[in-house]
Amino acid sequence: MEQCDYRSQDLPQVLVIKPPPILTFFEDKFISSKFQLLKAWESTLPLDQFLTTYAGSVRAVLSSADSPITADIIRLLPSLQIVVAAGAGINQIDLNECRRLGIAVTNVAGVFSDDGADAAIGLLIDVLRKISAADRYVRNGLWHAKGDYPLGSKLGGKRVGIVGLGGFGLAVAKRLEAFGCIVLYNSRKQKPFVPYPFYTNVYELAIDSDALIICCALNAETRHMINRKVMLALGKQGIIINIARGAIINEKEMVECLVKGEIGGAGLDVLENEPNVPEELFELDNVVLSPHRVVFTPEGFMAACELVVGNLEAFFSDKPLLSSVMDE
Amino acid sequence: MAPHNNSYPSQHDLPNVLILKLPPSFVIFGEHFFDSAKFRFLKAYESSLPLPQFLLAHAQSVQAILSSGGAPVTADTICLLPNLRLVVTTSQGLNHIDLSECRRRGIAVAGAGTIFSADCADSVVELLIDVLRKVSAANRFVKQGLWSSQGDYPLGSKLGGKRVGIVGLGNIGSEVAKRLEAFGCSISYNSRNKKPSVPYAFYPNVGELAANCDALIICCALTDETYHLINKEVLSALGKDGVIINIARGPIVDEKELVRCLVEGEIRGAGLDVFEHEPDVPHELFALDNVVMSPHNAVFTRESFEDLRKIVVGNLEAFFSNEPLLTAVNLDDQPHFSG
Chain A
1 MEQCDYRSQD LPQVLVIKPP PILTFFEDKF ISSKFQLLKA WESTLPLDQF LTTYAGSVRA
61 VLSSADSPIT ADIIRLLPSL QIVVAAGAGI NQIDLNECRR LGIAVTNVAG VFSDDGADAA
121 IGLLIDVLRK ISAADRYVRN GLWHAKGDYP LGSKLGGKRV GIVGLGGFGL AVAKRLEAFG
181 CIVLYNSRKQ KPFVPYPFYT NVYELAIDSD ALIICCALNA ETRHMINRKV MLALGKQGII
241 INIARGAIIN EKEMVECLVK GEIGGAGLDV LENEPNVPEE LFELDNVVLS PHRVVFTPEG
301 FMAACELVVG NLEAFFSDKP LLSSVMDE
Chain B
1 MAPHNNSYPS QHDLPNVLIL KLPPSFVIFG EHFFDSAKFR FLKAYESSLP LPQFLLAHAQ
61 SVQAILSSGG APVTADTICL LPNLRLVVTT SQGLNHIDLS ECRRRGIAVA GAGTIFSADC
121 ADSVVELLID VLRKVSAANR FVKQGLWSSQ GDYPLGSKLG GKRVGIVGLG NIGSEVAKRL
181 EAFGCSISYN SRNKKPSVPY AFYPNVGELA ANCDALIICC ALTDETYHLI NKEVLSALGK
241 DGVIINIARG PIVDEKELVR CLVEGEIRGA GLDVFEHEPD VPHELFALDN VVMSPHNAVF
301 TRESFEDLRK IVVGNLEAFF SNEPLLTAVN LDDQPHFSG
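So the sequence lines, in the order shown, correspond to chains A and B. Each residue of the first sequence is one higher than the one before, counting from 1 in my numbering. Each residue of the second sequence is one higher than the one before, counting from 1 in my numbering.
Hints are supplied without guarantee of correctness; some may be wrong.
[Said to hold, decoys possible] Listed next, with one range per pair, are the computed distances between beta-carbon atoms:
(1) N276(A) - E317(B): 53 to 61 Å
(2) I207(A) - L14(B): 56 to 64 Å
(3) K191(A) - K178(B): 24 to 32 Å
Hint data in this document are derived by calculation from the structure and do not stem from the laboratory. Where a beta carbon is used, it is the ideal one built from N, C-alpha and C, also for glycine.
This is chain A alone, in the form it adopts within the complex (with noise of 0.2 Å):
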């Protein structure tokens, strides 16, 4: 028997089927005067079964990787008028649906730009200098027994490709910059005021580069975009870095690289089924891997909620979103 009141305030309900990361990690930035969680995955009902039961009058849902609002949910939730991420992505949210029925969307544009753009950097500079590899040497007492440890390459003059120049793609470019880096990049379309040189497609910047960091959104032109004829025209010695979505690598070409020797390394925060991770990876010296936390910091989170809390607030006041996705 169900336990829980749903209806103990009187306060509209924001539907919340998994709870992203933000909200795990710091609920107490979700008490509002404006809205109550109606939180599903408290429940022991089947998730149709409980939102036919609880959610039909719910008017916003939260939404995140691990959190997809698709076409069938949508349809069991008729009040539904908002969607808000809770991530930095949207890709696991039906927008042509949402379009369709005049449903908002918004997401936490900006406040994770900086915090992926230094994991970036730092997935970089690690494949290139080998720093993670090194660490494990002196643990494991080698360098007293074998002494020094392989050269790395030198960041500097080195041509970096930017995938997608968004605000995570941007973050990155002024950081490379610093470090006397030529950035390139390509995207949907070329950016006016930017003084990086555009690439038309990804195969193009591929061959140009001797990295290629991944910034943009999934989408299904995306999609497996990064394929073996991609990372071929990077190169033996050319590294891949992906903080943006797995499945824009076709990760099975790209491990095949990488056991092969057809790339020089990579430097994965996500995958295509996380938490999943190709065993070859395991074994590589030349791949940095990182369970999907590229933006997982306290500061970073607290910024997010606030953008989240603002937008929940906005909607329900009637007033205009902070940060509305939908003209895109």
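Once you have looked at the hints, place chain B on chain A.
Only chain B this time, still in chain A's reference frame:
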């Protein structure tokens, strides 16, 4: 008989450059790495004679020494070489050379100049990001299969907005500052002298610098004044949330005290490329996730070694051609390290 080219001196006429111990460059790239048609190497380490005897045997012919960090040039050595006029070192650091004695004898010293500054600074930034954002620790976590079994890894700490205190605002320190500004850090420093046209806040002593920063970065030379400069008081001033990064020289930090602070959680973490007794590293550090270590290779890139080759050969060739050295050290400006 084959025609003899009189333009180039034969091997026997070439001046000698003494090498006391095998330099790292030779280990990595082979013993012809610094070869030149203008001089030849006299390799003390290949002789079965004990060093003092070897030096006595070759004393008159040695005008130049090629030194590296692990091959100190002491007053005793200098004493045995009456014709020594130049010491070239493969390192940016000079603490292994008796600079006072060189100054006294009028012996020129040429170092690596600034060729290593960029790679050093890149390493500093990487160690700082690694410690704050747990890059190596998370990599271990995932590769041990813990992501699927244990779930998410703890949050890191934001780099932007951190107050960075640089100890020693020389060439390396300046390159570090430039990079960290792009990450949104604020920079302050302590140096022997305040630098006139530098936009960063100056602190007259390291303790005050440590008390006012979130990350303390050691970029200074090892001298008598800086030996164990980073001691209990400084680490205490840095505090529980503070991080220390050392790519300079191990003995600048009181290592025993640093290890104690790390083990007891009195500072947040450390990124260390250098240690007091390399290659020995305190075992207590191996178990700590908030420490990132590298085997004194902050400057070890292929590109830097090629730059080093040009500088070393260039300095020696200039010397033997009576031309100005490429990277002469101003000995009047250098404090001493007694070792």
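Cross-check of the supplied hints:
The given range of 53 to 61 Å is respected by N276(A) and E317(B), whose C-beta atoms sit roughly 58 Å from each other. Between I207(A) and L14(B) the beta carbon distance is about 47 Å. The supplied range of 56 to 64 Å is therefore violated. Under the hint 24 to 32 Å, the C-beta atoms of K191(A) and K178(B), about 25 Å apart, fit the expected range.
In this structure, only the earlier hint numbered 2 is contradicted, and the remaining ones agree with it.
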